[in-house]
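Trainee: Kindly produce the complete structure, drawing on both the sequences and the hints.
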Amino acid sequence: MKRIGILTSGGDAPGMNAAIRSATRTALYYGLSVVGVYRGYQGLVEGDMFEMTSRSVGDIIQRAGTMLRSARSPEFKACEGQKKAAWNLAAHGVEGLVVIGGDGTLRGAKALSDLGVLTVGIPATVDNDIACTDYALGFDTATNTAVDAITKIRDTASSHGRNNVIEVMGRDTGHLALSAGLAGGAEYILIPEKPFDIKDICEGIQRGYARGKTHSIIVVAEGVRGYSGPDESLYDSVGFMIGQEVRKLTGLETRVTVLGHIQRGGSPTVKDRLLGTMFGCKAVEALIQGDTGKVVGIVGEEFRLFDVEEAVTKGKPIDEEMYRVATLLSGM
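Numbering of the sequence shown is given in our numbering, commencing with residue 52 and proceeding in unit increments.
No lab work stands behind these hints: they were computed from the structure. There could be a bad hint or two in this list.
To be verified - With a straight-line cut-off of 30 Å between C-alpha atoms, the simulated DSSO-like cross-links for lysine-lysine are:
{"#": "1", "residue 1": "K245", "residue 2": "K367"}
{"#": "2", "residue 1": "K203", "residue 2": "K245"}
{"#": "3", "residue 1": "K299", "residue 2": "K203"}
{"#": "4", "residue 1": "K365", "residue 2": "K245"}
{"#": "5", "residue 1": "K128", "residue 2": "K161"}
{"#": "6", "residue 1": "K367", "residue 2": "K161"}
{"#": "7", "residue 1": "K250", "residue 2": "K264"}
{"#": "8", "residue 1": "K367", "residue 2": "K128"}
{"#": "9", "residue 1": "K203", "residue 2": "K264"}
{"#": "10", "residue 1": "K245", "residue 2": "K322"}
Unchecked claim - Restraint ranges, calculated between C-beta atoms of paired labels, are given here:
{"#": "11", "residue 1": "G341", "residue 2": "D223", "range": "28 to 38 Å"}
{"#": "12", "residue 1": "Y80", "residue 2": "H211", "range": "51 to 61 Å"}
{"#": "13", "residue 1": "D165", "residue 2": "S318", "range": "31 to 41 Å"}
Note that beta-carbon positions come from the ideal geometry of N, C-alpha and C, so glycine has one too.
Mentor: Below is the structure:
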């Protein structure tokens, strides 16, 4: 192998730049040349690539986002688009590809692998919903960002005696909501994996006020299912629907905060910088060894390679013990 490519796709996640930096410099160390792909799979379909050097990735380890940028690519979802992407890689002399991103990105890596392209994936998503790895890039930074927001909102909530609903990311899973909610001391944590009754929550809030509590924090994952308020069409997010119901059923002042894309920004934490650095190195070394259709993951303190198909089809359950503790402490 003489030449590899690197791309990022899907939602950006803090730590991506650390992985790009590490993968680039690891490849150069082993005597390989490196091609960067702009705008993910769309750039791959269009042949939007450039030569990378050690200086290309200087001064980026501390930056969130991705220097390679990202974009949606409906064209790549079709078989013809995937074949065009594989052809462009061959035309640029790229023999192996490091793919950095979440579930959809890794599915794209599998499609290229099925076409004969050597691919190794790096999990990067603030949702942390990739099976086979304890942590995906971006999760630790996003959790810290969410906890910081919860802490600041709690400061003002305690001053004014308000309930606060805080919506965090988590389209299909509640890993971020559960971790941030538990670390932030939320009274209630609502996640897609677990059903809930808004009336039970409101009754719990009222019992707390009867005992002398002056405020409550409810952390909600954006993908919470099975809930539809009476005015669902009026709201863009489940957080606002839940906030309206809490206000109506308790008669207490309730504010709603949707953290949104702030969770993807901010300088990566030490953990995400280290993970990105290790993931990038391991991915390139796997390509050099001829591995393909793999994803780098970390289990405990050990870095491992997993089949990409397992990573995107197995699903990642929440930590039931964490949820049990969160439930035990709720409303106290």
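Trainee: Can you confirm whether the C-alpha distance between K203 and K264 stays at or below 30 Å?
Mentor: holds, 18 Å
Trainee: Using the Cβ atoms, figure out if D165 sits within 31 to 41 Å of S318.
Mentor: Check passed, 37 Å falls within 31 to 41 Å.
Trainee: Would the pair K245 and K322 pass a check requiring their Cα atoms to be no farther apart than 30 Å?
Mentor: The given pair, whose Cα atoms are some 28 Å apart, holds under the 30 Å limit.
Trainee: So if I understand the rule, the pair passes when the alpha-carbon distance is 30 Å or less; does K367 with K128 pass?
Mentor: holds, 24 Å
Trainee: Within a Cα-Cα threshold of 30 Å, do K203 and K245 meet the stated pairing?
Mentor: Holds: K203 and K245 sit about 27 Å apart, inside 30 Å.
Trainee: Given the hinted pair K128 and K161, is their Cα-Cα distance within 30 Å?
Mentor: holds, 12 Å
Trainee: Determine whether the Cβ-Cβ distance between Y80 and H211 falls within the hinted range of 51 to 61 Å.
Mentor: 56 Å Cβ-Cβ, so the 51 to 61 Å window holds.
Trainee: K245 and K367: Cα distance at most 30 Å?
Mentor: Holds, because 14 Å separates the two Cα atoms, which is no more than 30 Å.
Trainee: Below or equal to 30 Å on CA atoms is what counts here, so check K250 against K264.
Mentor: Distance ~18 Å between K250 and K264 Cα, so the pair holds.
Trainee: K365 and K245 were given as a pair; does the straight-line alpha-carbon distance stay at or below 30 Å?
Mentor: holds, 19 Å
Trainee: Hinted pair, alpha-carbon criterion (30 Å max): K299, K203. Please report holds or violated.
Mentor: Measuring from Cα to Cα gives roughly 25 Å; hence the hint holds.
Trainee: With respect to the beta-carbon atoms only, verify the hint that G341 and D223 lie 28 to 38 Å apart.
Mentor: holds, 33 Å
When the structure is compared with the earlier hints, no violation turns up for any of them.
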